[in-house]
Amino acid sequence: MSRTTLIIGNDLRRRLRSPMATILFLVIPLAMTGLIGMIFDPGQDNRTKLPPIHLLVVDNDKDIAAKFLLGAFDQKELKEMFQVTLVDAPAGEKLMQKGKASAMLVIPEHFSADLADQKPSRLEVVKNPSEEFLPGVAEEFAATMAVGFSALAQVFADELRIIRGFRSLTLESVTIAEMTPFLEMARAKIIALKTYLSPMLLKVKSVTTKKPGQEGKPLGFNIFSYIFPGMLIMFLLFIIEPSLREIQNERADGKTRRMMFSPLSSLELVTARIFSGWLIGFLVCLLAMAAGMLLFGIDWGRPLLQLALFAIACFWCSAFFAMLNAFFRNKNQAGAFASPIILVFSAFGGSMLPLEQLPAGMRWVGKLTVNNWFITGCRRIMDGASPLLPLTLLAVTGLAFAAVAMIALPRRLSV
Amino acid sequence: MKKIWHIGRLDLKLMVKDKAFFFWVLLFPLAFILIFGNLFGSSRTDTRASLTVLNQDRGKWGAYFIRKLESPKIELAVVNEPPAEYYRVLVIPPDFSTRIERKAAQEIQFLKDSEADLKAGAVADTKITQAIVKLLAELVMYGNRDMKAFFDTRNPYRDLVSVHTRLPKDTIAKIPSGFDHTLPGILVQFVMMMVLIYGGISVMEDRKHRVLARILYSSASFAELFGGKLLGRLLMGLLQSAILVAAGLLLFRLNLGNVWLSSLNIVVFAAAMAALSIFVGSVLRKEELIIGVSMLLANMFAGLGGCWWPIEIVPPAFRAAAMVSPAYWAMDTFHKIIFFGKGFAAVWPNLLVLLGFGAVSTALALRFFKVEE
Chain A
1 MSRTTLIIGN DLRRRLRSPM ATILFLVIPL AMTGLIGMIF DPGQDNRTKL PPIHLLVVDN
61 DKDIAAKFLL GAFDQKELKE MFQVTLVDAP AGEKLMQKGK ASAMLVIPEH FSADLADQKP
121 SRLEVVKNPS EEFLPGVAEE FAATMAVGFS ALAQVFADEL RIIRGFRSLT LESVTIAEMT
181 PFLEMARAKI IALKTYLSPM LLKVKSVTTK KPGQEGKPLG FNIFSYIFPG MLIMFLLFII
241 EPSLREIQNE RADGKTRRMM FSPLSSLELV TARIFSGWLI GFLVCLLAMA AGMLLFGIDW
301 GRPLLQLALF AIACFWCSAF FAMLNAFFRN KNQAGAFASP IILVFSAFGG SMLPLEQLPA
361 GMRWVGKLTV NNWFITGCRR IMDGASPLLP LTLLAVTGLA FAAVAMIALP RRLSV
Chain B
1 MKKIWHIGRL DLKLMVKDKA FFFWVLLFPL AFILIFGNLF GSSRTDTRAS LTVLNQDRGK
61 WGAYFIRKLE SPKIELAVVN EPPAEYYRVL VIPPDFSTRI ERKAAQEIQF LKDSEADLKA
121 GAVADTKITQ AIVKLLAELV MYGNRDMKAF FDTRNPYRDL VSVHTRLPKD TIAKIPSGFD
181 HTLPGILVQF VMMMVLIYGG ISVMEDRKHR VLARILYSSA SFAELFGGKL LGRLLMGLLQ
241 SAILVAAGLL LFRLNLGNVW LSSLNIVVFA AAMAALSIFV GSVLRKEELI IGVSMLLANM
301 FAGLGGCWWP IEIVPPAFRA AAMVSPAYWA MDTFHKIIFF GKGFAAVWPN LLVLLGFGAV
361 STALALRFFK VEE
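Just so you know, the protein sequences line up as chains A and B, in that order. Under this note's numbering, think of the first position of the first sequence as 1, with each following residue one higher. Under this note's numbering, think of the first position of the second sequence as 1, with each following residue one higher.
Hints were generated in silico from the structure; no laboratory data involved. Incorrect hints may have been included.
In the DSS-like style, the derived pairs of lysine-lysine whose C-alpha atoms are separated by at most 27 angstroms in a straight line are [stated by the list, open to error]:
id, chain 1, residue 1, chain 2, residue 2
1, A, LYS98, B, LYS119
2, B, LYS148, B, LYS2
3, B, LYS13, B, LYS208
4, A, LYS100, B, LYS103
5, A, LYS79, B, LYS119
6, A, LYS205, B, LYS68
7, B, LYS148, A, LYS194
8, A, LYS76, B, LYS119
9, B, LYS2, A, LYS203
10, B, LYS60, A, LYS194
11, A, LYS203, B, LYS169
12, A, LYS67, A, LYS119
13, B, LYS60, A, LYS100
14, A, LYS203, A, LYS189
15, B, LYS169, A, LYS189
16, A, LYS203, B, LYS13
17, A, LYS205, A, LYS79
18, B, LYS148, A, LYS331
19, A, LYS189, B, LYS103
20, B, LYS73, A, LYS205
21, A, LYS203, B, LYS148
22, A, LYS194, B, LYS103
23, A, LYS331, B, LYS13
24, A, LYS194, B, LYS73
25, B, LYS148, B, LYS103
26, B, LYS73, A, LYS119
27, A, LYS205, B, LYS60
28, A, LYS205, B, LYS103
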């Protein structure tokens with residue numbers, strides 16, 4: 001037992017003497033979490049806000065309907081959503097060709113007159129081809145405005161015709177008697193409008209639903225706590241793997257053979273390697289936990305449970321790489337395969353993308369990875385739920401890997 | 001020149017012989033393309049804006065309202081029983097007609113699955129709003145007459161204003177697919193990762209095992225050795241790009257716009273990364289450190305530069321910060337070529353910035369490049 005402890009202590013001292021690589025693999029998940037979190041932070045209201053959409057507007061109408069449309073952009077919500085620049089058609093086209101705006105809305109000539117005459121007219125939306133989302137929002141906005149204008153033009157068809165007629169007349173040439181039928185007609189429309197719009201006859205209430213067992217984002221949710229566990233487990237694998245690969249390096253440069261001259265048994269050596277990998281990983285987890293709390297305000301939930309998860313996950317990683325090294329022929333093979341395995345685990349297990357965003361097939365494959373169960377466990381503890389399933393699964397499979405490593409690795413060491 | 005070519009070609013050969021070569025240059029990037037292409041290109045769940053309408057109405061108005069929802073942009077399904085699975089359901093209650101006929105205000109529920117696609121959900125949202133506007137317009141036109149006669153004497157809503165969508169003149173004719181957006185980003189990211197990691201490690205290993213020193217015992221000069229190493233890493237980047245472009249053309253019908261200009265962009269970017277990899281491999285002495293620094297640089301550059309997500313959804317401050325990333329300039333060049341059909345006149349400033357990155361990296365690499373520990 002003391003020999004095992006000696007090796008663990010020696011391994012730890014070696015890692016601490018040149019800690020840069022370990023520190024770097026701790027910095028990377030923090031940096032990536034910081035970057036992604038700051039960009040996609042949904043804020044307190046839990047709604048991811050898009051940046052303002054730069055919209056160019058070409059007003060070829062310059063009449064009442066165009067003014068009404070432009071006035072709509074002064075409303076609070078639309079003002080936050082769109083950053084509108086009024087341009088003429090050639091300048092707008094040039095700007096769009098340079099990709100300087102998300103979209104350009106072109107109000108056609110005679111737009112107001114055509115609406116008043118109940119003639120069809122066409123709003124034009126020029127979309128920036130290099131953007132994927134914002135031009136679509138501008139297009140949907142234009143489509144809704146088109147419906148609104150069509151509705152208004154039809155509701156006030158008679159009134160619009162009369163207003164157009166009045167505009168060519170002087171005040172002196174119109175009598176009150178001539179205006180009375182118009183006013184009476186408008187009054188009836190306004191009463192009808194009041195009936196249907198105040199209060200609104202038909203409203204929609206949106207409700208977000210969850211399937212049984214599906215996890216949602218609670219209000220005030222911290223995006224960093226959503227991202228960081230995935231990043232942490234990915235780089236934890238990178239941190240623990242070299243400790244176990246050391247078995248191959250020592251075997252290649254003859255150190256193992258020399259060590260075997262001492263009373264040390266190969267089983268003790270394997271056990272020590274597994275636990276030194278575990279210890280490095282666990283220490284990194286402690287640092288990551290503190291850094292996550294300090295830098296991102298992550299609430300890890302019940303700390304003891306979280307520490308238990310960290311300990312079991314680190315043991316899993318260590319046992320897994322010990323087992324793999326039992327099957328790798330040499331250090332080159334270990335070096336060549338370890339990183340791809342980690343990256344595949346990370347891609348399928350939810351470290352690179354949230355688990356919910358992955359296609360169903362990938363999510364199924366992801367269940368075979370430590371990343372998936374570590375992330376699930378972390379989230380459950382953060383949400384105050386029981387992490388029993390992830391903990392049990394990781395512990396049982398970790399023990400199985402360790403058992404295989406204990407049997408197979410000593411044979412490799414004796415070769 | 002022959003010696004430079006010889007050294008560079010040898011480095012490339014060694015890389016191709018690596019056991020994990022095809023994983024790094026082909027399989028892993030392809031997995032990335034599939035994941036990110038599906039994530040941002042189209043929804044993983046509902047590729048079209050699907051909307052299920054649960055019509056429980058006992059009168060005519062429910063069916064009439066559903067007709068107002070019909071649109072080419074929406075995939076409509078009408079059911080009479082609550083569906084077991086859905087992305088979004090609009091519930092028309094049993095008393096929908098009664099309340100309309102009584103002119104009593106009502107709220108209809110729109111249930112959205114939390115995992116459903118947000119973009120498709122937004123389309124469904126606007127289509128429902130538009131349907132409500134259309135129905136209300138008809139009701140206002142109908143006025144306060146007897147509602148029982150509505151369907152016989154109504155004045156139906158007409159779409160007087162339509163919306164025509166187009167792309168800017170003299171750019172591209174076809175609306176780009178999700179993969180058109182994703183592939184250039186993956187290409188830029190993997191050129192960075194491949195060249196920095198492989199290129200950096202091999203410089204360090206060659207120095208550690210005195211391979212560089214032995215090369216100098218031959219007739220090759222220091223300049224030829226450095227040039228050869230630079231060329232080797234440039235060839236790595238170009239090979240990685242060629243494999244991804246070929247896979248993109250074969251599997252995803254990648255559109256590269258002007259092929260020559262896109263190739264020039266790749267060459268200039270790969271050259272900048274080649275020089276940076278020599279710098280990284282010269283200042284760092286451990287493989288783990290090189291991998292760590294390269295991953296950090298490649299991931300931060302890729303994230304900031306718009307390789308992972310469309311740069312348009314990033315807050316303005318980050319868009320400004322992105323300019324420090326060479327990936328941003330390479331991506332912007334691709335956008336100008338692929339989506340706007342621009343020529344050399346529009347992209348030369350970007351290429352100049354990338355050449356600037358390359359020049360600074362080369363100067364740093366030259367300053368720190370050592371043949372022995």
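Do the hints match the structure? See the list:
Only pairs whose Cα atoms come within 27 angstroms are accepted, and LYS98(A) paired with LYS119(B) is accepted, the gap being roughly 26 angstroms. Between LYS148(B) and LYS2(B) the alpha-carbon distance is near 92 angstroms, which puts this suggested pair outside the 27 angstroms criterion. Simply put, LYS13(B) and LYS208(B) have alpha-carbon atoms about 20 angstroms apart, close enough for the 27 angstroms limit, and the pair holds. For the suggested pair LYS100(A) and LYS103(B), the alpha carbons sit about 48 angstroms apart, so the restraint of at most 27 angstroms is broken.
Among the hinted pairs, LYS79(A) with LYS119(B) is consistent with the structure: their alpha-carbon atoms are about 21 angstroms apart, no more than 27 angstroms. Between LYS205(A) and LYS68(B) the alpha-carbon distance is near 18 angstroms, which keeps this suggested pair within the 27 angstroms criterion. Between LYS148(B) and LYS194(A), the direct Cα distance comes to roughly 20 angstroms. Compliance with the 27 angstroms bound is thereby established for this hinted pair. Between the alpha carbons of LYS76(A) and LYS119(B) the distance comes to roughly 23 angstroms, so the proposed pair stays at or under 27 angstroms and holds.
Restraint check for LYS2(B) and LYS203(A): the C-alpha separation of about 76 angstroms exceeds 27 angstroms, so the hint is violated. Proposed proximity of LYS60(B) and LYS194(A) is supported: the alpha carbons are some 24 angstroms apart, at most 27 angstroms. Restraint check for LYS203(A) and LYS169(B): the C-alpha separation of about 40 angstroms exceeds 27 angstroms, so the hint is violated. A hinted pair counts as satisfied when its Cα atoms are at most 27 angstroms apart, and LYS67(A) with LYS119(A) qualifies at roughly 19 angstroms.
About 49 angstroms separates the Cα atoms of LYS60(B) and LYS100(A), which puts this hinted pair outside 27 angstroms; it is violated. Restraint check: the Cα-Cα separation between LYS203(A) and LYS189(A) comes to about 21 angstroms, which is no more than 27 angstroms; the hinted pair holds. Restraint check for LYS169(B) and LYS189(A): the C-alpha separation of about 43 angstroms exceeds 27 angstroms, so the hint is violated. Taking the CA atoms of LYS203(A) and LYS13(B), the gap is about 67 angstroms. The hint is violated against a cut of 27 angstroms.
With a CA separation close to 24 angstroms, the supplied pair LYS205(A) and LYS79(A) stays within the 27 angstroms bound. Restraint check for LYS148(B) and LYS331(A): not satisfied, since their Cα atoms lie roughly 85 angstroms apart, outside the 27 angstroms limit. Taking the CA atoms of LYS189(A) and LYS103(B), the gap is near 15 angstroms; set against the 27 angstroms cutoff, the hint holds. A C-alpha spacing of about 22 angstroms is found between LYS73(B) and LYS205(A), which places the hinted pair at or below 27 angstroms, so the restraint holds.
For the suggested pair LYS203(A) and LYS148(B), the alpha carbons sit about 22 angstroms apart, so the restraint of at most 27 angstroms is met. At roughly 11 angstroms between alpha-carbon atoms, LYS194(A) and LYS103(B) fall within 27 angstroms of each other, so this suggested pair holds. Under the criterion of a C-alpha separation no larger than 27 angstroms, the hint pairing LYS331(A) with LYS13(B) is consistent with the structure, at around 21 angstroms. Note on LYS194(A) and LYS73(B): the hinted pairing is violated, with a Cα-Cα distance of about 32 angstroms set against a maximum of 27 angstroms.
In summary, the hint linking LYS148(B) to LYS103(B) is supported, as the alpha carbons are separated by about 12 angstroms, within the 27 angstroms threshold. Taking the CA atoms of LYS73(B) and LYS119(A), the gap is about 24 angstroms. The hint holds against a cut of 27 angstroms. The straight-line distance between the Cα atoms of LYS205(A) and LYS60(B) is roughly 22 angstroms, inside the 27 angstroms bound, and the hint therefore holds. Taking the CA atoms of LYS205(A) and LYS103(B), the gap is near 19 angstroms; set against the 27 angstroms cutoff, the hint holds.
Violated hints, listed in ascending order, are 2, 4, 9, 11, 13, 15, 16, 18, 24; each of the other numbered hints is respected by the structure.
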